[in-house]
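The opening residue of the sequence shown carries number 2 in the working numbering; numbering runs sequentially from there.
Careful, some of the hints might be misleading.
[Claimed, not checked] Taking lysine-lysine pairs in the DSS-like style, the calculated list, with each CA pair at most 25 Å apart, reads: (1) Lys164 / Lys208; (2) Lys138 / Lys208; (3) Lys112 / Lys145; (4) Lys138 / Lys164; (5) Lys111 / Lys138; (6) Lys145 / Lys193; (7) Lys138 / Lys112; (8) Lys103 / Lys92; (9) Lys92 / Lys70; (10) Lys112 / Lys193; (11) Lys145 / Lys164; (12) Lys111 / Lys145.
Bear in mind the hints are in silico, worked out from the structure with no lab data behind them.
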Amino acid sequence: MTIVEEKDFVPRPEAESQEPAEGTNAANDANEANETSQTGKTENAEPEAAGEEAAPDVNALQEEINRLKEQVAAYYDQYLRSLAEADNIRKRAQREREEYMKFAAVPLIKKLLPVMDDLERALTMSESSRDFDALYKGLQMISKRMQEIIESEGVQVIEALGKPFDPQYHQPLMVESSPDHPENTVIEELQKGYMIHGRVIRPSLVKVSN
2 MTIVEEKDFV PRPEAESQEP AEGTNAANDA NEANETSQTG KTENAEPEAA GEEAAPDVNA
62 LQEEINRLKE QVAAYYDQYL RSLAEADNIR KRAQREREEY MKFAAVPLIK KLLPVMDDLE
122 RALTMSESSR DFDALYKGLQ MISKRMQEII ESEGVQVIEA LGKPFDPQYH QPLMVESSPD
182 HPENTVIEEL QKGYMIHGRV IRPSLVKVSN
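Let's have the full structure, built from the sequences with the hints guiding it.
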């Protein structure tokens, strides 16, 4: 049997590299774990930073919403005030119109009152004196004065006698044959007609030839 001397023994390479490889793997695992931890922290930090950046935008939107609400409220208040003002104007105009219609005839009545006074005086004098000629003249004066008053108000007498019959201005009450007049001619005026500013107040009552 051959005895191997201690100096002739050479260790195998595998035995020398086994232990350092295990140490290296452990170091790598530690590095990977550290990197994973750092990556996780970074990923968690990014949403937090994004949330911090988004927070001012939400606040700005809320402020804008509040501002718009205040603006809408102001416009609505102005709208209600305008409605109330328009309603007040309408009511005031209605009252003024009613007031005007109530007293619109006052100027005309003031003109007619002296005529009424003259008529009353004429009647009083006729009762005491029985002077019918004076009464007639007084009534003529009253009639003339009345005519002047209504003409000053734009009232005109409708001409009828001897005019061709016009249903716009004349209302026939009688029809009569007349050799002296053409057909459909007003041969007699039974009641005067009047118009104001071209509009008929009442038509003339007439007798018409056929």
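Structure-based check of each hint:
no. : hint            : result
1   : Lys164 / Lys208 : 11 Å, holds
2   : Lys138 / Lys208 : 29 Å, violated
3   : Lys112 / Lys145 : 13 Å, holds
4   : Lys138 / Lys164 : 30 Å, violated
5   : Lys111 / Lys138 : 24 Å, holds
6   : Lys145 / Lys193 : 15 Å, holds
7   : Lys138 / Lys112 : 21 Å, holds
8   : Lys103 / Lys92  : 16 Å, holds
9   : Lys92 / Lys70   : 33 Å, violated
10  : Lys112 / Lys193 : 21 Å, holds
11  : Lys145 / Lys164 : 24 Å, holds
12  : Lys111 / Lys145 : 17 Å, holds
Checked against the numbered hints above, the structure breaks hints 2, 4 and 9 and satisfies the rest.
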